[in-house]
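**Student:** Position chain V relative to chain S; hints supplied.
Line order of the protein sequences matches chains S and V.
Numbered as in UniProt numbering, the first sequence ends at 435 without a single skipped number.
Numbered as in UniProt numbering, the second sequence ends at 909 without a single skipped number.
By construction, these hints were calculated from the structure, which means they are not laboratory data.
Among the clues, some could well be false.
Said to hold, decoys possible - Straight-line alpha carbon distances no greater than 27 Å define the calculated BS3-like cross-link-like pairs of lysine-lysine that follow:
1. Lys788(V) to Lys283(S)
2. Lys166(V) to Lys156(V)
3. Lys814(V) to Lys381(S)
4. Lys551(V) to Lys425(S)
5. Lys82(V) to Lys159(V)
6. Lys846(V) to Lys401(S)
7. Lys88(S) to Lys128(S)
8. Lys102(V) to Lys156(V)
9. Lys788(V) to Lys340(S)
10. Lys401(S) to Lys836(V)
11. Lys788(V) to Lys273(S)
12. Lys403(S) to Lys846(V)
13. Lys35(S) to Lys88(S)
14. Lys425(S) to Lys403(S)
15. Lys551(V) to Lys846(V)
16. Lys340(S) to Lys814(V)
17. Lys372(V) to Lys166(V)
18. Lys3(S) to Lys307(S)
19. Lys473(V) to Lys436(V)
20. Lys403(S) to Lys159(V)
21. Lys283(S) to Lys273(S)
22. Lys283(S) to Lys372(V)
23. Lys717(V) to Lys776(V)
24. Lys788(V) to Lys269(S)
25. Lys753(V) to Lys273(S)
26. Lys814(V) to Lys377(S)
27. Lys851(V) to Lys418(S)
28. Lys717(V) to Lys732(V)
29. Lys788(V) to Lys846(V)
30. Lys269(S) to Lys340(S)
31. Lys269(S) to Lys753(V)
32. Lys551(V) to Lys273(S)
Each chain, letter by letter, is given below.
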Amino acid sequence: MEKFDLTPKMLPNLDRQLGFPLLEFVASRETYNEKDLDRAKYELLSSTNMVDFLGELYTKLHDGEEPPADFSDKRERVMKQLEEFEQKTERIRSVIEMPEVASSLRQDRVQNMQFLAENYQCKPEMVKDLFDFGQFHYSCGNYGGSSDLLFHFSVLSTDADLILKAMWGKLASEMLMGNWETAYDEAIKLRETIDKTAFAEQSQQLQNRVWLLHWSLFVFFNHPSGRDGILEMMLMPQYSNTIQNACPWLVRYLVAAAVVNRRRKNSMKEVVKIVSNIGYMYKDPLTEFIHALYVDFDFDAACVKLKECELVLNNDFFMAGASEDFVDCARLYFAEVYCKIYSRIDLSSLTSRLFMDQEDGEKWIVKLIGENRLDAKVNLKDNHVVINPQINHIPQQVIEKTKFLSFRSQVLNGAIDKRQAYLVKQSTLAETAEQ
Amino acid sequence: MSKFFKGDSSDSDSDITSSSDSDFSDNDFQDKNQTQTSRFSKSALSGSDDSEDDVKRVVKSAKDKQSEEAVSSSKAIKKSLKADEWTVVLNEFEKLTKLGPKLKRSDMHNKLPVFFTRSLVEIDTNLLRFKDKSASKKLNADVARSLNTVRQRIKKVLKDYEAEVKEFRQNPILSDEEIEEEIVAEIIPKVEKLSVSSKTKTKSKSNDDDSSDSYWDNSESSDESSSSEDEGPAEKKGISKWLKREPTKSSVSESKDKKKADQESKTQRALEKKAKATHEEEGEEEDDGFTTVGRKQQKKAVVYTAETLSAKLLEILESRGRKGADKSETLSTLYGLLKVSANDLQKTKVLLLLIPTQFDYFPSTSSYLQSKAWNEISGLIDSLLTILENNPDITVSETSDVAFDSADDSKYVGGKITLAGSIIGFLDRLFEEFIKSLSSLDPHTPEYVERMTDDVTLYITIVRVQNYLNKCKDEDGYARAIMRRVEFLYFRPDQVVLSVEASMAKKLGIQESTDPNQLLHDLCTYIYSHSNPMLRARAMLMQIYNHALNKRYYIARDLFLMSHVQDNILQADVATQILFNRSLAQLGLASFRLGLFQESFGHLQDIMSSGKVRELLGQGVGQQRYSNLTAEQEILSRHLQLPFHMHINFELLECVFLVASMLLEIPFMASTNNSAGTDSNKRAISKVFRRMFDFNERQVFIGPPENTRDHIMASAKSLATGRWDEAYDYIKMIKIWSLMPDFEEVMEFLLTKIKVEALRTYIFTYFTHYNSLGIKGLASMFDLSSGKVTSLLAMMIYNGEINASLDEVQDIIKFTRISTGASLRLQQVTLQLADKVSSLAETNEKMYELKVNGGKPFGGERSVFQQNSNQEDGSNRRPNRQPNRQQGRPQNRNNRTQGRRNNNQYQNK
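Chain S with its partners taken away, still in its complex shape (with noise of 0.2 Å):
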């Protein structure tokens, strides 16, 4: 399963400290190396200040070897850093956190710093202190008090560049602590911040946004409301095009989310657009599926893909859980189009191809008639479906096109004639006052 495997991908747009779990979940898939991955890890975190932890990997990485000198001396440098922060951000943690201070902020992140300044004290460097002491509590894995500050910074600070990293950063402390809630609406705080700013290049606008929908990922798939959110994120235009051009792998998400949320069924016709499109650049069994059954209506094809999309999908970290859902789900659009097209289906080989067994079928089928309110009956002695075909007779489409225009044109006629009244009796008016 390695051939679909998307870590290699994300992890470049992610934060490392979030590429974490990725890599933990590949290590208990076995899709790679043990080895390898270990080593992964280490790197992946060599650069945090996460000592204690990066002792441990190192150990286990050297069959046991105590971790070099330097490690103490890190933790030491680490340990002394924090006491520095602690001290010099204390002045303005303490104001922040008095009631009467919360109270009077306000909107104004100028007026705010103008009146922390005089009641306070407190410098702007003091705020950028905050933003550093959160980087460094992320840094060390202590994700709460970097959250804490960086909210606090973000509140306080009116450099916009800041702000922005330190939003970055509050959205990854969040999602590390699992504050779905919480996260959820940063991610759209974030969203909103990234296409209203005005950024110097485009390019860079456009890096933000990858990030985001790369990081988001965390969020959609662990809020409840995500599958709404992700699918309504990346269909916007200026996401669509972002993945189109800077990650088609993310497209696998849109098809899942799409897929799974039978609620909004009008944005396939969209999504099999966007798979089309990008079929010269990414495949995977998802989009295959996809282009199979809505482009070339290969159902044989199809239904070889949906297996092999319960594979990929119970090896992707993010998916793991929703694979059973979304093989369901998929079942239902594949039985929508198929009824579509044959007025007589042979309940046997419609199973089969499914995956399912007789009875099951039977079932299924029967509450997708009563579901879905197909005009449809089961044939239990040939074994067959038999669909009624919807025909669209022209004498109904004529009735239905016509039906509100005598409606319409009386609006109108009436809206003319209101106004011809109002312009008489204005110049009445007019021509009594001349006279």
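**Tutor:** Okay, now just chain V, sitting in the frame of chain S:
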């Protein structure tokens, strides 16, 4: 269009003309020419020291006017002699002879002015050339007649002034001081004189050895040089007369050195003074030069020495672009200078002047550089580059303020020096001349092929310039050089690029690049990150073209779409627009090669349906437009044409477009004919194809297909009836496919596509006749797998193109009968009517909205006029409330015109 060219030409001009200063002085000179002359002559006559009086306006005496007239006549004679315009010569000669006695009288010493005598001698000498009849036969009748008249008259006149002429011939310029003073009066003739003398010198030299020089003599003044061979002794005698006596009077070095120093200081001063002052200074300088020529002929032998080189260069620089300046003489002088230049600095200086002079030698708009001349210049640029490469201390920059000065630099030993000049300017010019010459040559001649062989030389020069500019850290120039390189490479397929690269690498001894795609990518990337948007867009388009040419369609298309180049292409200049169209056409070809016919059609549609494809691609001008253009426009439009080897084959393009249109249009036509849907009033996909097809249909007799179009039409007809094998055969017979790089593969794609479209067409056309069709039967009929047929049918059903359903059990397609008793045609028409009526209702609503929103606000004062129009409108609209089906259409039209009229009224208000 013209703007681009204007800018271009002025650009190249300013590249070459040294500085605005000299330009200014040029103009000045021409303006004041007449008055200046007289001033000099006046002051000369009065014998006073000039320079102060100079500024004041001088009242001319009759005497002055006469001499002025005579001077101009003599000038004209000189000029027309050279051009063999004997009619003019005759005219001026007559004037001059009339003036002769008067001049003699007016002169203090009762002598003829020197220029007068000289003109006579010149005419006489020139007449010698036409001694035998064959020479004069070449001239046209009028000229020949004048020539004879002149011949007869000159004898008489010469007799009259025998003494003077004789004196002149013995000693061309009298050493008399006063006469010399007088000579100041004829600046211009003297300049010419000087150059003549220098020329004769080179000529005599070239006779012995030099071959490169002799070329110039040949090409430019072929008549003269040939004459020197023809007439032999007589002419030689004339020349030798001028030359011979020099050695006897050996160089008087000391006094001359002094003189030179004097002259140099003068020059310095002159540089500091502005345009006005240059004249008189020049006059003096010429004066000096003249004296040397006249008095001590040996000066000529030393004129081209390393020491005097700078002064000479300055002189040439100042005379450049001037009316009187003779280009060919300047050239030969420069060649002479090049030979004697003592060190690299001097060489560079000479080359920097020589190259633009060479370019200027031919008028830029009308003609083009001959291959020989081009190679000559290319060689010069190469040697310039070699010098510069070997001497990192000498740099050339467009922005350098080090002007040419007359300081002696023959002792140059080293040290940083920056000269004014533009290497990239030379390269640009060289490149353009190459393209121009190719555009003007007939591509089917061996000359064209021969010319094409020079392109490797050009490429080597480009790469050298690029490398050199990179070393110089000249970013702008470097980017432009890269641009030229890209421009050179982009339209060549990978193999050709490789071979050009290889020969370049061999010549220059550098590493060749083995991946043309990467090479082009690197070059373009540099331009993207460093250049102005204009160059960037061009580079982008060229890269797209190259990708498409080498079948990297998706990369090309993505680049095309992501660059948003189509958004503002309309603001670009014409050349860039042509490039844009070419890239688009190439994209169309590339997608066709990949079997993406729909995309191909999309790319080509705009260009091909415009009706002026050739103009759009810069590959020729349409006939009907040709006549409307003025001569100037015609030249301009010809300039935009690309040389033949860059062309995209027009016939292939048309073939690709028509085949792609056929594959889309034929099934579409079939589907609209028999479907009851709203498609029926949809317009044609490809109007061009539809028109052709309809025309073909109307023909009573159709012979077997001959050309590409015929084949496609025949194929389309077969396709329309579902006979895919016939259709394919016709397509396959088209000869132009051989120009398609991977034609076999394309044919495979085409075969499959034709089968599919034939099946679709068949179903669309004949489904009314069937209740159901077996899938297996269809599969065998169209030679497709039943799976493929099934999925095709499924697609048609799913997309609502046909009303049918598949039966899995029986493996058939069942067509749904819609039988309501009425015919299909009636149903179609009814549906159309319903559509029209609803669109009518919509129009009404829109118009009402327009009135409310577009008119004045409700409460405001309204003019009676507007009220009237509203009322009128209301009454007009009333019948529409209950749409009458029969009148639906005309009413609609009526209403629309009404609306338009009303709108106009609003606008008029």
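**Student:** For Lys753(V) and Lys273(S), compute the direct alpha-carbon distance and say whether it is at most 27 Å.
**Tutor:** 21 Å, holds
**Student:** Take the C-alpha atoms of Lys425(S) and Lys403(S), compute the straight-line distance between them, and say whether it is at most 27 Å.
**Tutor:** 35 Å, violated
**Student:** Holds or violated: Lys788(V) with Lys340(S), Cα cutoff 27 Å?
**Tutor:** 18 Å, holds
**Student:** Quickly compare the C-alpha distance for Lys788(V) and Lys846(V) to 27 Å and report which way the hint goes.
**Tutor:** Violated. Lys788(V) to Lys846(V) sits at ~47 Å, over the 27 Å cutoff.
**Student:** Hey, Lys814(V) versus Lys377(S), does the alpha-carbon distance stay inside 27 Å?
**Tutor:** The given pair, whose Cα atoms are some 18 Å apart, holds under the 27 Å limit.
**Student:** Would the pair Lys851(V) and Lys418(S) pass a check requiring their Cα atoms to be no farther apart than 27 Å?
**Tutor:** Within the cut-off at roughly 14 Å; holds.
**Student:** Is Lys717(V) close enough to Lys732(V), meaning Cα to Cα at most 27 Å?
**Tutor:** Roughly 15 Å separates the two Cα atoms, so the pair holds.
**Student:** Hey, Lys166(V) versus Lys156(V), does the alpha-carbon distance stay inside 27 Å?
**Tutor:** OK: Lys166(V) and Lys156(V) at ~15 Å, within 27 Å.
**Student:** Take a quick look at whether Lys283(S) and Lys372(V) sit within 27 Å of each other, Cα to Cα.
**Tutor:** 58 Å, violated
**Student:** Take the C-alpha atoms of Lys846(V) and Lys401(S), compute the straight-line distance between them, and say whether it is at most 27 Å.
**Tutor:** 18 Å, holds
**Student:** Need the status of pair Lys403(S), Lys846(V): alpha-carbon distance at most 27 Å?
**Tutor:** Distance of about 19 Å is within 27 Å: holds.
**Student:** Regarding the pair Lys717(V) and Lys776(V), is the alpha-carbon distance no greater than 27 Å?
**Tutor:** Satisfied, since the Cα-Cα distance of roughly 25 Å is no more than 27 Å.
When the structure is compared with the earlier hints, violations turn up for hints 4, 13, 14, 15, 17, 19, 20, 22, 29 and for no others.
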